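K.L.:
Taken in order, these protein sequences are the chains called H, E and X. For the first sequence, the working numbering assigns the number 214 to the initial residue and increments by one for each residue that follows. For the second sequence, the working numbering assigns the number 79 to the initial residue and increments by one for each residue that follows. For the third sequence, the working numbering assigns the number 3 to the initial residue and increments by one for each residue that follows.
In case anyone wonders, no lab produced these hints; they're calculated from the structure. Owing to the predicted nature of the structure, the values given are computational and were not obtained by experimental measurement. The beta-carbon is built from N, C-alpha and C at its ideal position, and this holds for glycine as well. Some clues are possibly wrong.
Computed Cβ-Cβ distance ranges for the label pairs, DEER-style [claimed, not checked]:
{"id": "1", "chain 1": "X", "residue 1": "V295", "chain 2": "H", "residue 2": "Q624", "range": "12 to 22 angstroms"}
{"id": "2", "chain 1": "E", "residue 1": "G221", "chain 2": "H", "residue 2": "G527", "range": "32 to 42 angstroms"}
{"id": "3", "chain 1": "X", "residue 1": "S27", "chain 2": "H", "residue 2": "G527", "range": "50 to 60 angstroms"}
{"id": "4", "chain 1": "H", "residue 1": "A586", "chain 2": "E", "residue 2": "T274", "range": "43 to 53 angstroms"}
{"id": "5", "chain 1": "X", "residue 1": "Q158", "chain 2": "H", "residue 2": "P409", "range": "26 to 36 angstroms"}
{"id": "6", "chain 1": "X", "residue 1": "V18", "chain 2": "E", "residue 2": "V310", "range": "25 to 35 angstroms"}
{"id": "7", "chain 1": "E", "residue 1": "V222", "chain 2": "H", "residue 2": "D418", "range": "43 to 53 angstroms"}
{"id": "8", "chain 1": "H", "residue 1": "S590", "chain 2": "X", "residue 2": "S27", "range": "28 to 38 angstroms"}
{"id": "9", "chain 1": "X", "residue 1": "Y112", "chain 2": "E", "residue 2": "A314", "range": "32 to 42 angstroms"}
Heads up, incomplete: computed chain X residues facing chain E, CB under 10 angstroms, no partners named [as the list claims (entries may be wrong)]:
{"id": "10", "residue": "Y24"}
{"id": "11", "residue": "G69"}
{"id": "12", "residue": "F106"}
{"id": "13", "residue": "N116"}
{"id": "14", "residue": "Q117"}
{"id": "15", "residue": "G121"}
{"id": "16", "residue": "M122"}
{"id": "17", "residue": "N125"}
{"id": "18", "residue": "I126"}
{"id": "19", "residue": "L129"}
{"id": "20", "residue": "G132"}
{"id": "21", "residue": "M137"}
{"id": "22", "residue": "A141"}
{"id": "23", "residue": "V259"}
Take a look, some chain H residues computed to stay more than 10 angstroms from chain X by CB distance [unchecked claim]:
{"id": "24", "residue": "V221"}
{"id": "25", "residue": "G253"}
{"id": "26", "residue": "E269"}
{"id": "27", "residue": "T277"}
{"id": "28", "residue": "G372"}
{"id": "29", "residue": "P409"}
{"id": "30", "residue": "D418"}
{"id": "31", "residue": "Y435"}
{"id": "32", "residue": "T469"}
{"id": "33", "residue": "G517"}
{"id": "34", "residue": "T518"}
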Amino acid sequence: MQAIIVVVIVLIAAAGAAWYLMTPPPAPVKKIAVVSDIGGRGDLSFNDMAFKGGDEAAKAFGVTMVELISKSEADYVPNLETAAKDPDVILVVGVGFLLTDAITDVATRYPDKDFAIIDGFVPGMPNVMSILYEEHKGSAIVGAIAALAAAQYGYSHIGVVLGIEIPVLWKFEIGYKWGADWGLKWYQNKFGKSAPVIGDTPVKDRVLWTYTGTFSDITKGYEAAKAMYAQDAVAAYNVAGPLGLGINQAVQELATQKGLTNGPPFWIGVDANQDWINPGFVLCSMMKRVDRGVYFATQLAVQGTFRQVVADNGGIVTLGIGTKISGIDITGISVSTLADLDEFIAMGTNAEKLTGKKVLPMSPDEIKSKATAMRNSVPSWIWDAATELENAIRADPNLVPLAMSQEVVDQWRATLG
Amino acid sequence: MALIPPFFLETLSERENKVGFSYLVKEEKASLGSQMSRRLAGTIRPVSESGLAVVIGLVVGAFLMLAFGYDPIRAYFALFTGAFGSPAGILESLAFATPLMATAVTFAVGVRAALFNIGAEGQMYVGAMGATIVGGAILLPAGVHPIAATLFAMCLGGLWALPAAVLKIWRGVHEVVSTIMLNWIAFWFVTYLIRTYFAEPGRAERAMPALPTARYAIIGATLTTMIVVVVVFCIAVTVLLWRTGVGFELRLVGDNPEAAKYAGASSSRAILVSFLVGGLAAGLAGASQILGRPPSYALYATMGNLINLGFDGIGVALIGRNHPVGGVFAAVFYGGLMHGGRFMEYNVGVASELVDAINGIIVIALAVPEIVAIIRRRRES
Amino acid sequence: MKTVRRFQWYLIAIAVTLAVMYIISLAGFGIPGLIETGLLAMTPLALAAVGECLNEQAGTVNVGMEGIFLITAVLGVYWAEIFGSGLYGLLLGSATGALISLLFGLVCIYGKANQVIAGMGLNILALGLGPYLLMSIWAFPGIHVFQRELMFQPLQFRMGDTYFSISSVTIAAVVIAILAYLLLHRTLLGIRIRGAGENPIAVDVAGVSVGKIRLLMCIVGGALAGLGGAFMPLAWFGGVVKEISAGRGFIALAAVVFAGLDPLLALVAAFIFGFSEGVAFTVVVSPGVKEIVPFYFVQMAPYAVTLLVVVAAIGGKKFPRALGKPYVRE
Numbered sequence: 214m215q216a217i218i219v220v221v222i223v224l225i226a227a228a229g230a231a232w233y234l235m236t237p238p239p240a241p242v243k244k245i246a247v248v249s250d251i252g253g254r255g256d257l258s259f260n261d262m263a264f265k266g267g268d269e270a271a272k273a274f275g276v277t278m279v280e281l282i283s284k285s286e287a288d289y290v291p292n293l294e295t296a297a298k299d300p301d302v303i304l305v306v307g308v309g310f311l312l313t314d315a316i317t318d319v320a321t322r323y324p325d326k327d328f329a330i331i332d333g334f335v336p337g338m339p340n341v342m343s344i345l346y347e348e349h350k351g352s353a354i355v356g357a358i359a360a361l362a363a364a365q366y367g368y369s370h371i372g373v374v375l376g377i378e379i380p381v382l383w384k385f386e387i388g389y390k391w392g393a394d395w396g397l398k399w400y401q402n403k404f405g406k407s408a409p410v411i412g413d414t415p416v417k418d419r420v421l422w423t424y425t426g427t428f429s430d431i432t433k434g435y436e437a438a439k440a441m442y443a444q445d446a447v448a449a450y451n452v453a454g455p456l457g458l459g460i461n462q463a464v465q466e467l468a469t470q471k472g473l474t475n476g477p478p479f480w481i482g483v484d485a486n487q488d489w490i491n492p493g494f495v496l497c498s499m500m501k502r503v504d505r506g507v508y509f510a511t512q513l514a515v516q517g518t519f520r521q522v523v524a525d526n527g528g529i530v531t532l533g534i535g536t537k538i539s540g541i542d543i544t545g546i547s548v549s550t551l552a553d554l555d556e557f558i559a560m561g562t563n564a565e566k567l568t569g570k571k572v573l574p575m576s577p578d579e580i581k582s583k584a585t586a587m588r589n590s591v592p593s594w595i596w597d598a599a600t601e602l603e604n605a606i607r608a609d610p611n612l613v614p615l616a617m618s619q620e621v622v623d624q625w626r627a628t629l630g
Numbered sequence: 079m080a081l082i083p084p085f086f087l088e089t090l091s092e093r094e095n096k097v098g099f100s101y102l103v104k105e106e107k108a109s110l111g112s113q114m115s116r117r118l119a120g121t122i123r124p125v126s127e128s129g130l131a132v133v134i135g136l137v138v139g140a141f142l143m144l145a146f147g148y149d150p151i152r153a154y155f156a157l158f159t160g161a162f163g164s165p166a167g168i169l170e171s172l173a174f175a176t177p178l179m180a181t182a183v184t185f186a187v188g189v190r191a192a193l194f195n196i197g198a199e200g201q202m203y204v205g206a207m208g209a210t211i212v213g214g215a216i217l218l219p220a221g222v223h224p225i226a227a228t229l230f231a232m233c234l235g236g237l238w239a240l241p242a243a244v245l246k247i248w249r250g251v252h253e254v255v256s257t258i259m260l261n262w263i264a265f266w267f268v269t270y271l272i273r274t275y276f277a278e279p280g281r282a283e284r285a286m287p288a289l290p291t292a293r294y295a296i297i298g299a300t301l302t303t304m305i306v307v308v309v310v311f312c313i314a315v316t317v318l319l320w321r322t323g324v325g326f327e328l329r330l331v332g333d334n335p336e337a338a339k340y341a342g343a344s345s346s347r348a349i350l351v352s353f354l355v356g357g358l359a360a361g362l363a364g365a366s367q368i369l370g371r372p373p374s375y376a377l378y379a380t381m382g383n384l385i386n387l388g389f390d391g392i393g394v395a396l397i398g399r400n401h402p403v404g405g406v407f408a409a410v411f412y413g414g415l416m417h418g419g420r421f422m423e424y425n426v427g428v429a430s431e432l433v434d435a436i437n438g439i440i441v442i443a444l445a446v447p448e449i450v451a452i453i454r455r456r457r458e459s
Numbered sequence: 003m004k005t006v007r008r009f010q011w012y013l014i015a016i017a018v019t020l021a022v023m024y025i026i027s028l029a030g031f032g033i034p035g036l037i038e039t040g041l042l043a044m045t046p047l048a049l050a051a052v053g054e055c056l057n058e059q060a061g062t063v064n065v066g067m068e069g070i071f072l073i074t075a076v077l078g079v080y081w082a083e084i085f086g087s088g089l090y091g092l093l094l095g096s097a098t099g100a101l102i103s104l105l106f107g108l109v110c111i112y113g114k115a116n117q118v119i120a121g122m123g124l125n126i127l128a129l130g131l132g133p134y135l136l137m138s139i140w141a142f143p144g145i146h147v148f149q150r151e152l153m154f155q156p157l158q159f160r161m162g163d164t165y166f167s168i169s170s171v172t173i174a175a176v177v178i179a180i181l182a183y184l185l186l187h188r189t190l191l192g193i194r195i196r197g198a199g200e201n202p203i204a205v206d207v208a209g210v211s212v213g214k215i216r217l218l219m220c221i222v223g224g225a226l227a228g229l230g231g232a233f234m235p236l237a238w239f240g241g242v243v244k245e246i247s248a249g250r251g252f253i254a255l256a257a258v259v260f261a262g263l264d265p266l267l268a269l270v271a272a273f274i275f276g277f278s279e280g281v282a283f284t285v286v287v288s289p290g291v292k293e294i295v296p297f298y299f300v301q302m303a304p305y306a307v308t309l310l311v312v313v314a315a316i317g318g319k320k321f322p323r324a325l326g327k328p329y330v331r332e
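Let's have the full structure, built from the sequences with the hints guiding it.
P.N.:
This is the structure:
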C-alpha cells in the first residue's frame, strides 16, 4: 500500500541521514552575516555592493562571510535571528532601510551581538550601527554635470528614471534637480549669459522624471528613458539599479541610428560603477560605496572597536563626500572616475578567469580607451564645475537639500519640477 | 443582496427538497457513521499521494543539488530541523503559513465554482489598506479594535472582488483577465493611498502602523493569535461549502453546470458568492500581515510584506486539493519550506536561488496525482 | 456570416487604434517612436501568447511561460556566446523552450498531472534556477552584458531623416500569428487540434492520438515562448538581468484569455499592452502632466485600458471543453 511505501522510504532516509550526520561538525571560525533586502543578489545595487564589501572584508580580515537572502519582509526577522543565534557570528549586517524594524527587534533581544544596518536609522542602541549615505550630495554633482552637458550640446532637458517611490529615492531625486539648478546658475556666473536651450526651458520643466514602480522590470526603464530622449533629454540618470540596461538600450538605439561612437545622448549610472556597460555613453556613475560601509563595520568588529565607535557617534554613521568617522577617512559617495572604472574592470577580468567566459562587453583596453575618449570630448569646464561643487559641499555640509519627508519633497518639486 | 440571507440559512435537506433531484444529494444523506468512515478513507488517499509526491520532489531536488556540488542530505536535514525541529521554528513556519491559508481559500472557493480567481493579490492589497485605515488611523477601544479592523479589511477585500464577479455575470468577461488587471490596478491605487493620505508622519516609506490596541497578541517571534482567526475562517468556509444551501449551489454550479441549470440553481449567485468569499479571504490575508505580523505592523509602499502571497496561495490551494482545511495543512507545509530554506543556505551554503528551484520541483511533483496508480497500471499492461 | 462579423471587429479595432494614434500625434508625441516601443514590447508577449493559444486549443494549460522566459533568456545568451551568433542564440533559446515544454507536456499529458500546479511549479523553479545560472555561468553579480557583435540586429528603414527600426523577430511574430490562425482554421491538423481540446473522445475515435497532438502543441508553445524569452536580451537589450521577464509571462496569459485563444487577437492584445505602456510613459514624463494627474494613475493606465477593451469589445469567450483535463481513455 502507498502509505507503507512512504513510511519505509522516510525511515530509510532518516536512518541514512542520522548515520551520515554523525560526522563531527567543522571547527568554529569567525563569521560575519550579511542579510540582504528583498531582491537578493543581482540587483546591481546595494545588495550586490554589500556582498562585495563583505567578501572583501572577509578576505582582508580572515573571517567567513555568510549570506542570507530575504525573499519577503517576513524573512527579515528570521534571517537576522538565525545569524544572531550563531555563536560564531561577530557582526550581523542588515542591508536596506526596510530592515529597520526587524533589526531593532532582533538587536534588542540579542544585546551581546553587534549589528549594522545600511540606510536604516536606528539611533541610540549600543549594539547597532546605522550606516547612512549622502546620496543627495552625489546626485547633486551628477545633476550639475548633466545640466551643463545639456547646455554644451544644446538639449532642452535632462532626465531621471527612478524605481519605487521610497524616501531614500527622494534624496536622489531632489539632489539631482537641485544640482541641475546649481549647474545652470554656475554657467550663468561663469559665462555671463544664461545656458543655451536648457536655460530657456522653464525651471520646472527642465528635469523629466518618473518613478517606474519597479527595481526589476527593465522594459519600463527602456520605455521611460526612450520617452525622455524623444523629448530632447541629453542624459537620463538611472536611479533603479538594473533598469540601467533598459535605459542603455534606449541610448544605444539612438546611437545606432545616428552612427555615434559616444554620447550625447548619455545616461548616468548609480550605486555601483556602471560606466563599463556601454563606455562612451555612460557619462559617469553616482557611486554609493555600500561595500566600503560593510568593510568598515567588519573592520571595527574584528578590531574590537565597534561599540566604541557606535557610542562615539550616537549609533549613526553617515558616509558621504570627504567624511571622517572616528578619525578614519571613508568616502561613501563619489562620482565615478577612470580609476574607479579600473576597479570594476578588474572584477570583470577576475570573473572571466574564473569561468573562462567573456564577462565584459569588450576588452578592458577598449573599455578604458572609449571611456577616456568620451571624458576628453566633454569640455573640461564641465568636470571643473563638478569639482567646484564637490568642494562647496565639503565646505558646507548642509548645502544640498536633504528631502526626507513629503512636505519638503513637495516644496522642492514646486520650484524645481 | 437580500437574496442571500434566507438562502444562507437554508439547510441541506430543505434545499434538496426544493430541488427534487435527490440523487444529486444521495451521498450527503448517508448515515453519520458511514459518512465518517468514507470521509476518512477519502482523506487518506490524497494525503498519502501528496506525501509520495513530496518525497519524489525532494529526491529530484537532491539530484539538482548534487549536480551543482552541494550536499543534499545535510541540506534537507537543515531544512526540516530548521522549519519544524524547534518550537521557535514551528512558530515561525506557522507565521509564514497564516496568510497562505487565507489566500488558498480565495483560489479554492473559486475552483469549486469552476472559476479561476487569481485576484487574491489585488484583493489582499486592498484588504491590507483597510486594516491600515481602521487599525492605524482610527481610535477604538482595545477589545473591539482588532476585530473591527479585521472585518473592515475583509469587507474591502470582498468589495474588490466584486467587479470581477459583476463583469463575469454581466459581460462574460473571463476572470483571468479581469483579476490580473485588477491586481495591478489595486497595486497602483494602494501605493497612491499610502503615499498621499496614509503615510506615517516622519517615516514616509510606509503607511501608519497598526496602533497597539489593534494588534493581535503575540505568540513567539512573529506569530500572533491571528492564526486562530484564519483557521476558524477556513473552517467556516468549509461549513459554508458543505453544509449550507448556498455552498451546495456553488459546488453544483462548479461541478455540473447543466444539472445545476435544471435544478434551478443560479449560476450568477454562485459566482457572486464565490468571488465574495474569495475576496473576504484575501482581505483577511491582508489584515493578517498588518495586524498580526510583528515587528512592523505596517504596510510599506513597496508592499514587500504582501507581494506574491496571493500567487503562493494558488499553489497551496492546489496542494490542499482545493479544500479549505486541506489548504491549512498544505499552508503549514509550504510555510515550513519558506522558513526552512534559509537554514539550507546558512548551514550548508546552498544558494537561496537553488532553494527556490527545489521548491518549484516539489510543487511540480505534487502536481502528479495517482503516480502509484500509473506505475501499477503500466506494470499490468 | 461569422467570418464577416469577425473581420468587422478587426476593422473597427484598426480604425480605433489609428484614431488614438492620430490624437496622440496631435499632442506632439512622436508616433513612430511609440510604435517602435509598442512593437518591441509586443514581441515576447505575442510569441508566448500565440504559442499558448495553440497549446490551449489542444487542451493543455501552461502557466509556466514566465519561467520559460527567464530560463531561455539566460540560456539564449549562453548559446549565443558559445556559437558566436545572436541568431544561434535565438534558435537554441527557442529549442530550450521547446525542451522544457516537452518535459512539461510529458508530465502533464502522460503523467496526468494537474497542469496549473505543474505550471506554477515550473515558474517557481525557473525563478530560482534562472538567477542561479546567471550567477554560476558568468560569476558576475546581477547582470551580463555581452559583446555587441552578438546582438541580433534589427532592420532599419529610412524614414525622412531618421530610421524606423523593427526586428525581424517582430515580423516573424506577426507571420507566426497569421500562420497559427490559418493552421487552426484552415487545415485538417487544425481541426484535430481543436478537437483535442473540445472533444478528445471524437478525435480518439477517429484514430488520432490525442496525447501526441497535445504534446506537439505543447512543444510548439514552448518553442515560441523560448523565442520570446531569448529575444529580450539578444535582439533588444544587449544584456540579461536577473528578472528580465518581470511578470510579462502572466501578461501573455492574460492576452491569451483576452483573445479567447485566437492567435490574431492575442497579437493585437499584446500590441495594445505594449503600446499603452509606451504612451503612459511618454505622457507621464512630459512636463506639466504631473500637476494634473499623479503618476500612479498614469502607470495604472495600461492595465485599465486593457480591462476596458475587454469589457467593451470582447465580452465573453468560449473555451475548449476539455481544457486542462488530462485525457484518459475509458
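K.L.:
Checked against the structure, which of the hints given earlier come out wrong?
P.N.:
Of the numbered hints, 6, 10, 22, 25, 28, 30, 31, 32 do not hold.
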